[in-house]
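Given these sequences and hints, build the entire structure.
Taken in order, these protein sequences are the chains called A and B.
Positions 1 to 399 (UniProt numbering) are the ones given, in order, by the first sequence.
Positions 1 to 399 (UniProt numbering) are the ones given, in order, by the second sequence.
There could be a bad hint or two in this list.
On the chain A side, residues computed to face chain B include the following (Cβ under 10 Å) [as the list claims (entries may be wrong)]:
#1 Val2
#2 Phe4
#3 Ile104
#4 Leu241
#5 Asn249
No lab work stands behind these hints, which were simulated from the structure alone.
Glycine is no exception: its CB is placed at the ideal position from the N, C-alpha and C atoms.
Protein chains: 2
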Amino acid sequence: MVKFADRILKIPDDPLNEIMKLSSDRDVISFSLGSPSKEAYPTQFIINATNKLLTEDPVSILSYGLQEGYVPLRKNFIEHIAKKRNINAKLENVLITTGATQGIELVSQTFIQDGDVVLVESPTFFAALPVFKKYGATVIPVKMDYEGIDLNDLETKLKKYNPKLLYIIPTFQNPTGISLSKERRIDICELADKYKTVILEDDPYYDLRFIGEPVLPIKSFDKYDNVIYLSSFSKILAPGLRVGVIVANKEIVEKLVLAKSGADTNTSLLSQGICSEFLESGFYESHLTEIFPLYLNRLNKMVDCIEQFFPENIQMIKPEGGLFIWLGLPNKIDTQALLQISSQKYKVSYVPGSIFFINQSECKNYIRLNFSSNDESTIELGMKRLSMVFKDYISGLSF
Amino acid sequence: MVKFADRILKIPDDPLNEIMKLSSDRDVISFSLGSPSKEAYPTQFIINATNKLLTEDPVSILSYGLQEGYVPLRKNFIEHIAKKRNINAKLENVLITTGATQGIELVSQTFIQDGDVVLVESPTFFAALPVFKKYGATVIPVKMDYEGIDLNDLETKLKKYNPKLLYIIPTFQNPTGISLSKERRIDICELADKYKTVILEDDPYYDLRFIGEPVLPIKSFDKYDNVIYLSSFSKILAPGLRVGVIVANKEIVEKLVLAKSGADTNTSLLSQGICSEFLESGFYESHLTEIFPLYLNRLNKMVDCIEQFFPENIQMIKPEGGLFIWLGLPNKIDTQALLQISSQKYKVSYVPGSIFFINQSECKNYIRLNFSSNDESTIELGMKRLSMVFKDYISGLSF
Numbered sequence: 001m002v003k004f005a006d007r008i009l010k011i012p013d014d015p016l017n018e019i020m021k022l023s024s025d026r027d028v029i030s031f032s033l034g035s036p037s038k039e040a041y042p043t044q045f046i047i048n049a050t051n052k053l054l055t056e057d058p059v060s061i062l063s064y065g066l067q068e069g070y071v072p073l074r075k076n077f078i079e080h081i082a083k084k085r086n087i088n089a090k091l092e093n094v095l096i097t098t099g100a101t102q103g104i105e106l107v108s109q110t111f112i113q114d115g116d117v118v119l120v121e122s123p124t125f126f127a128a129l130p131v132f133k134k135y136g137a138t139v140i141p142v143k144m145d146y147e148g149i150d151l152n153d154l155e156t157k158l159k160k161y162n163p164k165l166l167y168i169i170p171t172f173q174n175p176t177g178i179s180l181s182k183e184r185r186i187d188i189c190e191l192a193d194k195y196k197t198v199i200l201e202d203d204p205y206y207d208l209r210f211i212g213e214p215v216l217p218i219k220s221f222d223k224y225d226n227v228i229y230l231s232s233f234s235k236i237l238a239p240g241l242r243v244g245v246i247v248a249n250k251e252i253v254e255k256l257v258l259a260k261s262g263a264d265t266n267t268s269l270l271s272q273g274i275c276s277e278f279l280e281s282g283f284y285e286s287h288l289t290e291i292f293p294l295y296l297n298r299l300n301k302m303v304d305c306i307e308q309f310f311p312e313n314i315q316m317i318k319p320e321g322g323l324f325i326w327l328g329l330p331n332k333i334d335t336q337a338l339l340q341i342s343s344q345k346y347k348v349s350y351v352p353g354s355i356f357f358i359n360q361s362e363c364k365n366y367i368r369l370n371f372s373s374n375d376e377s378t379i380e381l382g383m384k385r386l387s388m389v390f391k392d393y394i395s396g397l398s399f
Numbered sequence: 001m002v003k004f005a006d007r008i009l010k011i012p013d014d015p016l017n018e019i020m021k022l023s024s025d026r027d028v029i030s031f032s033l034g035s036p037s038k039e040a041y042p043t044q045f046i047i048n049a050t051n052k053l054l055t056e057d058p059v060s061i062l063s064y065g066l067q068e069g070y071v072p073l074r075k076n077f078i079e080h081i082a083k084k085r086n087i088n089a090k091l092e093n094v095l096i097t098t099g100a101t102q103g104i105e106l107v108s109q110t111f112i113q114d115g116d117v118v119l120v121e122s123p124t125f126f127a128a129l130p131v132f133k134k135y136g137a138t139v140i141p142v143k144m145d146y147e148g149i150d151l152n153d154l155e156t157k158l159k160k161y162n163p164k165l166l167y168i169i170p171t172f173q174n175p176t177g178i179s180l181s182k183e184r185r186i187d188i189c190e191l192a193d194k195y196k197t198v199i200l201e202d203d204p205y206y207d208l209r210f211i212g213e214p215v216l217p218i219k220s221f222d223k224y225d226n227v228i229y230l231s232s233f234s235k236i237l238a239p240g241l242r243v244g245v246i247v248a249n250k251e252i253v254e255k256l257v258l259a260k261s262g263a264d265t266n267t268s269l270l271s272q273g274i275c276s277e278f279l280e281s282g283f284y285e286s287h288l289t290e291i292f293p294l295y296l297n298r299l300n301k302m303v304d305c306i307e308q309f310f311p312e313n314i315q316m317i318k319p320e321g322g323l324f325i326w327l328g329l330p331n332k333i334d335t336q337a338l339l340q341i342s343s344q345k346y347k348v349s350y351v352p353g354s355i356f357f358i359n360q361s362e363c364k365n366y367i368r369l370n371f372s373s374n375d376e377s378t379i380e381l382g383m384k385r386l387s388m389v390f391k392d393y394i395s396g397l398s399f
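Here is the structure:
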C-alpha cells in the first residue's frame, strides 16, 4: 500500500547486516569489521576532553552550531591534518560531516542526477555504491593493478562515459590495501581536468601507515581545484563519534552546506569538540605513535598465519598500513557461499570479496580480512579456523 | 564549470543564515532562535552521563553502532516517552536520527519523487520546505485557523492533489504556537487513510506544555498505522547533541534504515547514550519540572511586554507551550524589509513571518518571537526596542 520513492527501491539490503548478524555470536572471531582496535580507544582522553568542553563553554557545545562545522575543529583540521598532507585549505574550504559516510552522501546529493555515471575502482568500498545509485548514477568499474587504479582503463572510461565523478580510495584502499603511486596521483589530476570529471578522494586510512614512506593525497596535487577530499576520525579516534571532514573548493562547499543543512543541521558538537581537542592537544600524534606497534604486530601476525596455515597457491597483498588484508583463495572457492558455515560451524567470519564488485560474480574466491580488531592470539586462533574452512572445503570433507 | 545536480539548485540560500548573521553582533538581543534556554542546559548531568557511559562500556559507545540506533535509547524512548503519549511501539518501530532534521530528510528520500505533492500547514517550519523540494516535491499549503489545520481545506487538497505526504506540527506549531484539537487529530487519521496519504507528524515541542491539558499526538490515534512520528531531544535536552527519533510501522522503518545507512551509518553513540541516560535516570521528568517555571515566566513576560509596549491593533496568539509567539503587526509593516535596520540600529532580531509561507508575499506583517532563550530583563529590553522599531516606522520618523 505504501508507495515508496524509486530511489529507495534501488538500494539492496545491506550485505554487511547479514555479515554482522553472522558475527554477533560471541564465540565467532570476526575479521569483518573496519574498526580501530577496541583496546586502542583513548577512553580517558575522551572523558577528559568532554569534561573540559562542557566546563569551559557548555553553551557552544550544547546549542545549535554552524552547518559548516565547529570553527575550532575546522581550524585544527587545517593546522594539524591538512598542512601535513600538503593540502591547501582555508576555513571556507572545510565542512564537517557526520562521518565520512555523510561526505559521500552529501557529494552524491549535490552532483549526481539520473543518468550520470560514477567511475569507481574495482573492487571498491561496497557501502558507497548504493548511495551513488540512490541518486540516479550508473556505476562503472575501473580496473586496478598492484599500483592502484589502471590509468589506461581510466582514460578509456573517462572518454567513453563522460562521468560526473571518479570515486577513489588511493591510500590503503578498501578492500585491497593497495596504495596508488605518486605518479598516478599526479596523472589522475590531469586526466580528470582533461575530461572535466570531479574526483572524490576518500582517504580515511592516510595516517595508518606502519611501513614505508607516505605518499601525499591526490588533493595535494590538485592544481585544478577539482578534488573533493574526504577525511575521517573513525579509523584513528573512534567511529562511534561520527565525525568526518570534507575539503573542497569554495563553490562546491557552499552547495554541500545546503545539502548538509537539510541532512542534519550540524554534526554533534560534543563529537566535534572532542575531535578538535584530539588535534589541538597533540594527542593525535602521540596516539598514532602508541597504536602503530600494536597494529603492525597484528598485521604481521595475520600475514604469518596466512603463510603458515594457508595453501601456497593463494594471492596476498601485504599492505603497508590501513586495516585490511585482501586475500585471493583458489579459484574454486566461493567465499560468499561459505560465509554461513564459516561463521556458524567454524566460528570465524570475514567479508566475502564479491560484495566489493559491481558485477558480484567477480572474485568470488577473495576475502577481506581486518587485522586491527583482534589481539594476536585471537588472530592466530581465528586464522587457524579460517584455514580449516577452506581446507575442509577443498578436500570435500564437510560439504 | 562544475555541473551540480538539479536537486541542489532547487535549494535557495538558507534564510536563517542571513538572520543569524544579523543576530551575531553581541549587542543584538535575538528572539530568532528555536533553542531551549541556555541556562537550562543540564551540563553537569551530561558530564556525569558521559563519564558513566565511557567508564562502564566504552567499546559500545566508541565503535560503530546499529543503523537503527542504540538499543538502550530505543527501549528507554518506548518506556519513558512513547508510552506516556499513548504511542504503541516495539523496538522494530523506532529509528534514532541525527536530530529530527534528519527525520524529515530520511522520510523525504524514502517517499518523495519528482512530481509528488506534499501538503503542509500554512505557515509551516521553513527548513522542511527545501528538503521536500530537493527530492522533487511540489509543496501545497493548507489553511490553518486557531485550532490548527483546516480540515475542509485539507480534504479539498487531499482530493485534488493526491499527495504523498501530509507534513504537520500539531502541538505548539512552529511558527504559530497553535495546538491542533483532539477532534481534528482523530479526523486527520481518517482523512489520510481515505486518501491514502502518509502523515508526517513532527512533534518536538510535545513536552513543553506549561498551561492546560496535554492533547495526545496524532500517532496515538493512528489505527491505520499510517503516521510517521518525529520526536527530538533538541528542545528539552540540548540541540548540539543532534538526537531525534522516528516511530513508524515496520515496513517504513526498514526502508528508512536503508536511507539512514547511506546518510551517516549511525547517530553519534555518545549523544545517543546521553539521551538514553537522560530518560532512564528519571532526570528527564525532573528537568521538565525545573524548566517549566523558567519558561512560563519568560512566556508571560513577553506577553506582558507585547500588551504593554505594542499598539492595540496587533494579533497575538498566546501559546500554552512550545518556544514561540506568533505576532501579527499592522498590515502596512513589512517585517522582512525591517529586519536589517531592526538588528543593526535597534539591536533586536526576530524571524520575519513571510519565510514560513510557500508564497512569501503572505503575512509580511507577522513575526515569530522566541521567548525561551533570554532572561526576563533581556526580554523586556528587547521588546521595548522592538516596539520602537515598529512605532518609528509607523510614525515615519526613521525611514
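Evaluation of the provided hints:
1. Val2: holds (6 Å)
2. Phe4: The hint holds - A:Phe4 has a Cβ within 10 Å of chain B, the shortest such distance being about 6 Å.
3. Ile104: Because about 7 Å separates A:Ile104 from the closest Cβ in chain B, which is inside the 10 Å limit, the hint holds.
4. Leu241: Hint on A:Leu241: holds, closest Cβ of chain B at ~6 Å, below 10 Å.
5. Asn249: holds (8 Å)
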